[in-house]
Every structure is written in structure tokens, then in C-alpha cells.
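In order, the protein sequences belong to chains A and B.
Just so you know, we're using my numbering here: the first sequence kicks off at 741 and counts up by one.
Just so you know, we're using my numbering here: the second sequence kicks off at 741 and counts up by one.
FYI, nobody ran anything at the bench for these hints, they're computed from the structure.
Misleading hints may appear alongside valid ones.
Put simply, identical chains are the same to the list, so a pair is met inside one copy or across any two.
[As the list claims (entries may be wrong)] Think about it this way: if two alpha-carbon atoms lie no more than 25 angstroms apart in a straight line, the pair counts; the simulated DSS-like pairs of lysine-lysine are: (1) K949 <-> K961; (2) K1127 <-> K1052; (3) K826 <-> K789; (4) K1071 <-> K949; (5) K931 <-> K949; (6) K765 <-> K931; (7) K1066 <-> K961; (8) K999 <-> K931; (9) K850 <-> K826; (10) K850 <-> K831; (11) K789 <-> K949.
Protein chains: 2
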Amino acid sequence: MRILVQKFGGSSVADRDRMLRVREKVLAGLSRGYKMLVVLSARAGDTNKLLALANEYSPNPDPAECDSMVSTGEQISTALFAMLLKDEGIKARSLLGFQIPIITDDVFMKARIRSIDGAAIRKHFERYDVLLVAGFQGITEDGRITTLGRGGSDTSAVALAAALEAEACEIYTDVDGVYTTDPNICADARKLDRISYEEMLEMASMGAKVLEIRSVEFAKKFNVVVHVRSTFTDTPGTIVTQEDPDMEHVLVSGIAYDKDQARITLASVPNQPGIAAAIFSPLSAANIAVDMIVQNPGLDGVTDMTFTVPRKDVSKTMAIMEEVSKAIGSKELYHDLGVAKVSAIGVGMRNHAGVASRAFAALHRAGINILLISTSEIKISCLIEEKYLELAVRILHEAFELEKANYNG
Amino acid sequence: MRILVQKFGGSSVADRDRMLRVREKVLAGLSRGYKMLVVLSARAGDTNKLLALANEYSPNPDPAECDSMVSTGEQISTALFAMLLKDEGIKARSLLGFQIPIITDDVFMKARIRSIDGAAIRKHFERYDVLLVAGFQGITEDGRITTLGRGGSDTSAVALAAALEAEACEIYTDVDGVYTTDPNICADARKLDRISYEEMLEMASMGAKVLEIRSVEFAKKFNVVVHVRSTFTDTPGTIVTQEDPDMEHVLVSGIAYDKDQARITLASVPNQPGIAAAIFSPLSAANIAVDMIVQNPGLDGVTDMTFTVPRKDVSKTMAIMEEVSKAIGSKELYHDLGVAKVSAIGVGMRNHAGVASRAFAALHRAGINILLISTSEIKISCLIEEKYLELAVRILHEAFELEKANYNG
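Given the sequences, and given the hints that come with them, work out the whole structure.
Pasting the structure below:
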């Protein structure tokens, strides 16, 4: 039995006409000899309407009841789509989270999938050629409905593909794939034929727009080939898959950026053991995600500690740092909102030297000052003044010749 | 454990304010020491909207998919209501058909309940004081969602009361009980304190407005005491219960009527064995419900056969009768739409003679001609000209002194 998983988002199933277009994709899969498992989101807007309704009734809606309500969005879209397939004489039916079942933990509104009964689904394929599965939802061991959080239908699709050992998981969206960088900023941005899971995870800032990041982690873990493509064209999109030797020939696969950065500096901190813990433990306790961290020790026994946090957390962070600053004897505390992060990402970096220096040189030539640097095995990130961000993206894109196709998928 | 079942219809849960009013009824039950099982319909209009949506997508929506969709109405109302109770600090949760489970057959859109796991519900009462059960829905043995057809929430409530051996099943509606007849026709109509299951079933023409008839059959079968009452007042309504000796003192409990009657006559039919079968078998095969039947044999070896059918079925009936009429050699075939049925109903008739003649005499005094008569153990029905219907209802109501309270519940 050859199984293909397809996932369509809310805008692809927003009304009858769009569903009819989606039906063509499903029929095309059938005619290629596949059994089709089709994961649907709720019709565009339905989930938000349901959440708004819950908030209208209760100042603090019970999460378990919220999930029972909100899961009806996919219950409706899958039933409607099943009707459209049956009208074409296709053997099809809807399957809700509890009917498969898709077992999750009981963290309502952002549950995580624990297991999926793949054998039960295969059994349904004895009677049906297309199964319409409600995305975004699951059920706890003791029978309560859960939802997986925003973008959860991507995760449903990848997890189902893993459970079924499907040939591929096609994620249909309103963009036609993953780009080397944001085409709105850089006209030379090019659609990637392939990208590795690791790169996709690091590309979060752009990637999140096309594929929910948790689903990439899932795909990586279970080695599911994900094909991100457009509902509205037939052209191939981007294959997200395991790193392969071809990919390593390329130094950099894409340029990502993140404007949601604020820089905090504690200046002239006495450089002694335990300082870092004194600073970051209370932030972690306050659930503030610190991104870049740089410690700059001077010769005089003091050090500057600089880090970035999401902009929404700046006032909370500053309040905490006021306390910390007094306790550890920092001379100065200040923050800066006018910063942004630009990153070059590529699995090829693992085996090639000189990538970082090429990036720094390119930025330097353009007169862009680097405020912070952080690196990982497959990523180099620079914090710069926000006003230079678009320029920096274009310069790095050009420096690594990303406008040229380097390999084919 | 003392359990009280309450059921609230769509208009009682139409919006937040109405739900808050309903919450008072539930809290009142709690404060009387009951564990509360509360059955809710979908918010007014939701079910119709969902059905309209299905018909917008498909000319002939798949019934199983329809049920999966339409059941979301109660999924939403129960979740919202659970939130409102939790906001008051009440231990409450929603329960959907599949979560209990309420097992039904697989006749989608008009399924019948097969079994309810009462022990599982009692187990939930160890953790919760109020269970909000989605009415109208169930699940097949193999896990597909079903709905019970129009008014099915009444049946859900009565069936749950039976499964739990609840003290009573309170059905809240927008009327305050069952009346001796339609108050819109007869100003003297009086609310009944009590009525027997059998009478309630015969009162279908008025009863159906306050209580779905299938739920009465269920209540009768499992001896569930049903209390029909108003959501908007605190006054007691009508108790539907087993016949008791008190009730038998009353000859007639109510006057029902039915305007959906058309009279068909086959005149001068040769009176020989098999004539009735020749006439009614094809009607039954065409799924036409024949109500009253009268055969009037003359001395000349011929007979007139007269019967009534619902008005919507008149043309189909006449087409069938044209054929039959030729085959059996009837001299004349005609129909009459200007007729209506009026009925006097009461369990007391079983033990008292003279009820029929009192009814006939009253109609005769008012100059109302009786076209057909049919009787059962607890009902006398007369077909009359439709223009006299309202008058006939008032005359019979007066003849049996229904404006006076005859017994107290």
C-alpha cells in the first residue's frame, strides 16, 4: 500500500470553491495509485472565531473546554470535504482525533502527540481510498479532546506520515516553497529545491511562515520527507529532508533575520564566578527567552555582559536587571531596541572554514557595524543596527551567491 | 448519590445571558444536594446553520458526515456552559456522546439509542458535581458520530435519566407545561399538573410542541418521571408519569387536534374479502401513513371505504388509488382537503362508559357534522369540516369541564 499524506491549511479550504481546487490535488494523488491521507485545518477564520467566542463567555476559559470547542473547526472542514469527495464517487470519510486515535499528553491548547495508531488507519484504507483527518487535534489517554497549538495541523500531518511510513508528506500553503531569504527584502531571493531539517529549523524566522517549526522537529526525528508547496500552482516546492552530501557543497543555504530583538547591557560587572548564573537564572525563572549572549572581559577585572531578549519582554527584563545590577555591583545598565539579527545558515559550514570571515568582511565593506556575534555549527548570527537590516540581508545574500542555484533536489 | 437530570433547549442557551439564567437552575439543584446531569441542545439556530452549510456544499450531503458536523453545535454549547460553571468554582465538565459513550444504531441523522454506560457516568460524578452532556448525539459501535433527529435532546435526557436511575428528568422549554388544549384556540385551556405517558403520546398534536414524542416512549418504557417546565419562571410545570388511580377519576384530560388531514373516499366498492388489503397495501408500500379508516357496508353488496392521509401525500395517494379503483371496480374516487380531526383523550375512558356519546352530543348541539369517527382505549377522534375545528375544540373542552382542575399532582 503506497500512502501519500497531504495537508491543506485554512486558506486552502476557506470556501467551497477553494475546496474544489484542493479536491483536484487529492484526485491527482489517487490517479497516481496512492491511498490518500489528507489532513485539513479549519476553514480560515473559524478557529479564531471559536476562541473569540470562548473569551466572550469567560474571562479565563477552561483550557480543556476550549479545546473541545475549538476542535470543531476541523470537525466541520473534514466533513464538508468528505461530502465533496463522495459527490465525485470517491470512497472517503472523515476521521477525528479520537476516532484514529491520535493520543496526546494533557497539556490542553498546546498538547504534544504521544502516539498514533498507524495500523488502525491502514485498516480504514481497506474500505476507503481517501481519509480526511482533522488536523490540530488529538485525545488524551482518558478521552478528553486536545489541540496542538497554533500551526498544529502541520505537526499532525508529519506525525501521521511517520506513523504510516508514507512516501511523503506534502504541506500545501499559499507560498510556493522555502526561499534563500525573504523575497520582500531581496529581489534575488530564490526558491530552494531542497533544504535539510537542521537548516529549516535555523531558518525559523522565514521558515515559520511556511511550516510550523515543531513539525520540522518531528520530521527530523522520524525522517519524514516533507514537501512544502503551493495550493495554487502545480510547480514543485521545497523538499525538506535529511542532509546529504550534495548539500555540503554549498556553504550557505539561506539568510534569515529577526527584528524581534532588544539588546540589554550590564556594564562593568566585577568578573567573578557565578555572575552569569546571577544574571540569567532570574530571567529563566520569569520565562524570558534569552537569545544571543556575549561576555566581554576587560583587563581591569570587570566585564560587560550583553544579551538579547524579545522586545515584548524588555520592561520585565529591565525590572529584573535593576535588582540583579545592584546585587552584583554593575556600574551601568542600559537597553537598546533599535537592533536586529541577521544570520547566514548552511550545513556546509561544518566542513568549510572562512564562512564567518566572508560574512564579516561583506558587512564591513558596506559600513555595517556588528554589535554582537554568535555562531553555531551551521549558523552565523550578527546583531546589527536595525536600520541596516534589509541592506545586510541583501549583502550577505550576494556574498554567498545565493541567487545562483547551487544544487538540484 | 441523588442525581437530577435537567435538559435545556436551544432558546434557553442561545446566548451568555440566557446561559447565566440557566446556571441558576443548575446551582439550585446543587444546593438541594443533587449531583446534576445537564443535557444541552445547541444554541438556537446553530443546528440549522450547520445543516444549511452542508447543503451549500453538497446537493445530497453524506448523512454520516452531516452528523459529524451537526454534532458540533452541542459540542460548543456544552463547552461554553462548562466554562460558566467553572467560573463559579463549580466542579464541572462537558461530556460528548463518544465520551460517555451513548451507543446508538447507525441510522445517521435519526439514530436510536441502544445503550448508555451509566456506571461510567457515575464514575465521573466522583470528580465532578455537574456534567454537561451534549444532547442529540451518540456514537455507533464502530466509533462514528450519530445524531438522534429533531428534538433528540429530549430523548438524550430521558435516556440518561433512565440509565442513571435519576430522581427525575426536568425538561425546560419556553412554555410552562402541557395544557388541556391549545390556549391559542381555547382561552379556558388549563395547565395540567400531571399527565400519563399514554395520554401524552396521544396528545402528540399539542405535546410535540413541548416534548419530543420519542422521549415520551422512552420515559414510559423505563418509567422515568419527566417534569416539563419553563426556563423563564420558577412555577412547577407538568409531570409526565405513570397512570395512577387518581387519573382514572377524570374522563378526559385534554382535547387535541390535527389539521394535517385529507379525506379520501372510494365509493361503491364491491364488498368482498381482500378489498382492504388491496387498498392499503400499496399505500403502506409507498410509505404513506393512513390515520383514520372507516368502512361503511351497504345492503346492496357494495361498500364505501373512507380514510385520511397527511395533506402532503394527497397527490401520491390519489395516483395510487386511481389504479386500485380500476382494479377493484370502485364506482367513484374523490378526496377532500377541508377536513380536520379533533380528539378527546383520557385514561379514565377505560373504565367509564358514555364518554363518546357525550362528545357526539356536544358536537351535534353546535351543529357540527361528524364525517368519520375512530376510537381507541383512551381516545375518541372525530373528523369534521375544518372550518368548525376551533369551535369543536372549545365545545369539547367545555363539555368535559376541562377548565376545572380535576386532580392535583
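- Query: At most 25 angstroms between C-alpha atoms: does K789 with K949 qualify within a copy, between copies, both, or neither?
  - Reply: Close inside one copy (21 angstroms), not across copies (33 angstroms); limit 25 angstroms.
- Message: At most 25 angstroms between CA atoms: does that hold for K826 and K789 within a copy, between copies, both, or neither?
- Response: Between copies, since 21 angstroms is at most 25 angstroms while 28 angstroms is not.
- For the identical chains here, do K1066 and K961 meet the 25 angstroms Cα criterion within one copy, between copies, both, or neither? neither (45 angstroms within a copy, 78 angstroms between copies)
- Message: Cα distance capped at 25 angstroms. Does K1127 pair with K1052 within a copy, between copies, both, or neither?
- Response: within (19 angstroms within a copy, 75 angstroms between copies)
- Classify it for me, K765 with K931: is the Cα-Cα distance of at most 25 angstroms met within a copy, between copies, both or neither? Answer is within; shortest intra-copy Cα gap is 21 angstroms, inter-copy 61 angstroms.
- Message: Please sort K850 with K826 into within, between, both or neither, judging by C-alpha distance up to 25 angstroms.
- Response: between (33 angstroms within a copy, 21 angstroms between copies)
- Task: Go through the copies and call it for K1071 and K949: within, between, both or neither, with a Cα cutoff of 25 angstroms.
- Result: neither (41 angstroms within a copy, 80 angstroms between copies)
- Intra- versus inter-subunit Cα pairing at 25 angstroms for K931 with K949: Classified as within; 14 angstroms inside a copy, 63 angstroms across copies.
- Message: My question is about K850 and K831: at a cut-off of 25 angstroms on alpha-carbon distance, are they close within one copy, between copies, both, or neither?
- Response: Result: close only across copies, 23 angstroms inter versus 33 angstroms intra.
- How would you label the pair K999, K931 (within, between, both, or neither) given a Cα cut-off of 25 angstroms? within (22 angstroms within a copy, 71 angstroms between copies)
- Message: When Cα atoms must be at most 25 angstroms apart, do K949 and K961 count as within-copy, between-copy, both, or neither?
- Response: For K949 and K961, only the intra-copy Cα distance (21 angstroms) is at most 25 angstroms; the inter-copy one is 59 angstroms.
The structure fails hints 4, 7 (numbered hints given earlier, in ascending order).
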